[in-house]
Structure formats: structure tokens, C-alpha cells
Amino acid sequence: MAVLLDEKSKLIVQGITGHQGQFHTRAMLDYGTKVVAGVTPGKGGEQVHGVPVFDSCFEAVDATGANASILFVPAPFAKDAAIEAIEAGVRLLVMITERIPFHDCLDIMPYARAKGCRVIGPNCPGITSAGRAKAGIMPNHIFRPGDIGVISRSGTLTYEIVNAITNAGFGETTCIGIGGDPIIGTSMPEALDLLAKDKATKRIVVVGEIGGTTEEETAKRAKRIMKPIYAYVAGRTAPPGRRMGHAGAIISKGMGTAESKIKAFEAAGVPVAAYPTEIATLLRAN
Amino acid sequence: MKFYEYKAHEIFRKYGIPVPRGVLASRPEDIVDPPLPCAVKAQVLIGGRGKAGGIKFAKTLGEAREAARQILGMTIGPYTVRQVYAQEMLDIARELYFSITIDRSARAPLLIASATGGMEIESVPETSIFKTPVPPLVGLQPYVLRALVKALALPKETASQVSDIARKAFALFEGEDAELVEINPLAVLKDGRVVAGDAKLIVDDNAEYRHPEYADFPQDRTPLEEEAHDKGITFIQLDGDIGVIANGAGLTMATLDVLNLKGGRGGAFLDLGGTDDPEKVKEAFEILLKAQPSVILLNIFGGITKADTVALGVRRALEEMHVNVPVVARIKGVNEDRAREILKGIGYSADTMEQAAELAVKVRAGGK
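From first to last, the protein sequence lines are chains A and B.
Our numbering applies: residue 8 is where the first sequence begins, and numbers increase by one.
Our numbering applies: residue 70 is where the second sequence begins, and numbers increase by one.
These are calculated hints, taken from the structure and not from any lab test.
Hints are supplied without guarantee of correctness; some may be wrong.
[Said to hold, decoys possible] For the chain A half of the interface with chain B, some residues (derived, Cβ under 10 Å), not all of them: (1) Asp13; (2) Pro146; (3) Pro189.
Each residue gets a CB set at the ideal place from its N, CA and C atoms; glycine is no exception.
Model the full structure from these sequences, guided by the hints.
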């Protein structure tokens, strides 16, 4: 089993004719993903790696029955593309695009929720259900099917950690890159709930970083989850971020730092790795 | 994007929010008809200017010019003061607090207000602070404003002005792609008027393309950071002496952490992002070299990034700048063997990021 995405998911690639879109469509196909359609306005009728291209998500869904979409379109056009996909009826939308103004995401996320569409990202590496399917940009070769679920706010750091898990002889169920932006479709505690409910996932690895309070909220949630959870938090030595006026202090109440997050995880009985690959050591020890 | 105080006031004024009158000057003699009495304030992008002597009070034109003379050219933190703002002194009866920022968990703008503002705001008990998310798809409805003024127990004529300012501030928050709109104090004057005593504005950097008019405003960056920003490179200068270059924010932070764990200190860090274009890598590397690190720790985990073209960029930068800084490289990605070949002779290679960090600390100490 896996969460969110499996070999039956029918995926649209929005922005398929761009450099990134083409490259990652190839990699997703190679991983066994059912990429059924591409969308680039004005390029309907073309093909990319044998995948038919449509002018709109509506046409793509009509012709192929697609139920998920991955978005590679540039930031200024991302909101338009996201709303179009949601309106066309996809149930899962993975937004890879980075640098989208968060005011656009303030519109996209509640709209998606109201329409029953799950959003992952933006500014994220996507989802990989090991051995089944990939809607994202994670390297294929680092995964091996197994029983560990992974949730991460980061991109390359996720690869580093998944690689360490796999090299240690373990394997993954689904790896969810939730994205590093302030406004994201699926939060860390929500992703934790998804993996907690998944029968195939026996243990969960959480990769956080400084800023915001999502790790603290995740730690609180972790107390109610029976599966073993392990964490790594990046940014112990990062320079203090810019201060968001007094408002920042009023909201964060002292949370947001690496120390606060590590303390919260430890208080919830979640072991925290001192460095990324130590996750593998922790998994071995328990 | 941050803004100088005078500029933030100008934007607030554009949205009809009352702010104190003021004049901007880059030379004392530019102050001709200041509102009197006034506070002459250094225009810098960091806090603590009052303590540094960057705010002085004046009752006459002569005093205002003298204050400007003293403040202009002053160094506050890493900045030299180039401009002062002579601002009307307000006759304040009461200080409130108001701000709008984002609530990440609620995925909504968040209004924050308190009946006690000013310097004390961060010690106001949480129960006395009014906080409410605004449903983003429908925007600010009047009921939110009614709840706000009721929570603050404001007298009627103050309430209507506060509510009006809150509404305009929300329009500003949306219209300018703001991350933060903060008014502290929101001043109730002795004559009953309500004025934004101070105006703080931070605009989402990712929305820069929608606000080209702000593109040229100076930000709180060092000259090297500014150069990097102009080239679209994420680069931050730190206190230590080991230059760190990695791809992705999370991995860059993790690399700094591991370096620290091994006894080293990051001196500057550069996030290469997803690029493996040798020219772009070269450009980035040149900026890092200008920060004069003792050692460079390169940590790339690509998967899809081409390791050899990254290595090529590194090599070209070192050759063209004729510098001899040892490079400790850990590169994982496509063609990583070829990358090791390219970097032979200019540095050391490591398999894992822990090994690389350890090696960098050794090389720095001259032990290798």
C-alpha cells in the first residue's frame, strides 16, 4: 500500500513541453508512473515521450480520465494552472513550482479544499510511492520499496535522508515532500496523519527545518500515533532569520527555532538525529 | 522586501491610512520646512537605531538641521546613514497595536490587535491580544472589524477610526503582496484622531515581479549579498571562515550544522539551487571566493544534477580568479566519477557530508 499516489494514479503534467516538464516526464515514466496527459496551452496535439499534449486540463481529463496533476509551470502562471486543474476535477495536485507569491497560495489552498482536491507543495520535490509511482522530481534510484514513510519540508535534504535509509537496508512506502513555503496544501501534521493510517507504513521519518511552528504541531500530534517516529531538524546553526516585526514574536511564542523543535520532538518521545544520515542509525537501533 | 520608514509611510498614505507628516533629507540643508517639533530619524533597515543615537528631537529648524548633521554619515550596524526623516511629533493619549501577517496553519491572513501597544506589546498577556484569521477567498468582512473593536473595548469615535484603518491596512496587505503590515503604536491622539505612529511593511520577495516599482529599493544586504541577489543567487555571509556551497536550502543548512558539529564555522553559504550550468556555477563560486574563505566545502546531492558540469564551473572559477583556496568536495549526482576527475589537483573529495565536513575542518587547520 501507499498513500496519495500509486501505480493506478493517472497523472497530467502541466507545463510538459518545458525543459523541466519534459525531463521529469521521462523520469516519471521510467519509474512506472501512468503519465496519461500533458497540458500546455497552445501546444495541444503534440506529444512528449509518447504522452499526448492538450491545451487545457479539461480536455486532458475528458480524454484520459486523469485524476491527478503535477505542475511545472512558472510562478506567475501557477495560480491559473492550479485552479484550472482543480476545476477540471483532479483529486491530487502536486505543485513543484517554486517562488509562487504566497498570496496566490492563500487563494489556491482553500479553494482546493472546498473542491475536495488534495494539494502537495508548492516549492516541493513531490511524492514518490516507492516501486509504484512518482509525481515529482526526486531521483528514482534512491528508493526501495519498504515500510518507512517519509515526510519532508526540504528537497535535496530529503534525497540525502532517503538515500541513507535505503543504503542502511531499509525501504520506503511513500515519501511526501510537503514543500518549504509558508502556505502549503498539506501540512506536516496532516501528512503524518496520512502515513499513520497507512497499513503498510510501520515507521515514519520526519524531516523539518527552522521557521514556523509546524514541527512543534507535528510533535504534539505524534504523541497520539502508535507508530515509531524519527526526526531530523535542519538549521541548528543557521543565522537567526529576519524578525517579522512584533507580530512574529506574538505568533511564534518562542517556537520556530531548531532548539524548540528538537525539544518538542524529544518531549513527544520522537528521537531526533544530530545529522541527516544518523536517521539510519536511529532506525537500526530501534 | 523591506522598506525605509519614509517609504512605508508613503505607501500607507497611498491607501489612505493617516501617518505623521514628515520630510526626507539627504543633506541638512534639504530640511526647509519641517513639521515642528519633530523627531529626526536615521533611515536604516535594522532596528536599534534609537539606542545607536539615530533618533534626535528638534524644536526649531536650526535644531532639526543640527540633528541631521549629526545623524547623516553615522554608522548603524553595518550601514551608513544616507537619509534622515524629520517627522512630526504626535501628541499621543493612548497607544494601541495593530498588525496583519499570515497564519500558516490556518492558511489565512491573520489580524492581530491589542488595546495596549507601543514598546510593551511583547509583554502583553496572550489573553489580551485579539487574533483572528480572515477567510482569504472572501476577504475582510465587517463582522471581523466589529469583533476587533469590541475586543479592544474602544470608545465609539476611536472604534470607527480604528476599524477604518484596519480595513485600509487589509487592502494594503492584499494589494502590495505584503507579508507584514504592522502599526505600532496605533496612536490615539489627544485631539481624538487615530494615526499610524509607526508603519512597518514587508513585501513577499516572490511577488517582486508584480511590483517592479520596488525593485531598486536597497535591502539589508552586504555588498556581496547584493551582487548575489542581482544574479539570482542565494548567498548569505556569516561569522565563520569556511565557505559552504550546497544545493537546496535544507541541505545547505544541514551542511552548516554538520560542519559545526565537527568543530568548523561556516563563513558564508551559497545555495546553488537546481542549477548545473557550469557558467552559473562559476558565477556563484566567484562570489563565494570574494568572501575570502579559508576553505570551501562543496556539498552537492543531485540525483538529477549533473555533477561533472558543476565541477567544471568550480574549476573555471578557481582558474580564472587565480586563487588558491582548497576545496573539499562531496558531489553525488549524474557523472560523479567524471566530477572527481575534473576536481583532481584542486581539492579533496569525500563520500559523505560528514566526511567532507571533517576534512574541511582538518584542511583549515593545516593538518592535511
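Comparing the hints with the structure gives:
1. Because the beta carbon of Asp13 (chain A) sits about 22 Å from the nearest beta carbon in chain B, more than 10 Å, this interface hint is broken.
2. With 10 Å as the threshold, the beta carbon of Pro146 (chain A) comes within range of chain B, its nearest partner Cβ sitting at about 3 Å, so the hint holds.
3. Given the 10 Å rule on beta carbons, the hint for Pro189 (chain A) holds: about 5 Å separates it from the nearest Cβ of chain B.
Violation of the numbered hints given earlier is confined to hint 1; every other hint is satisfied by the structure.
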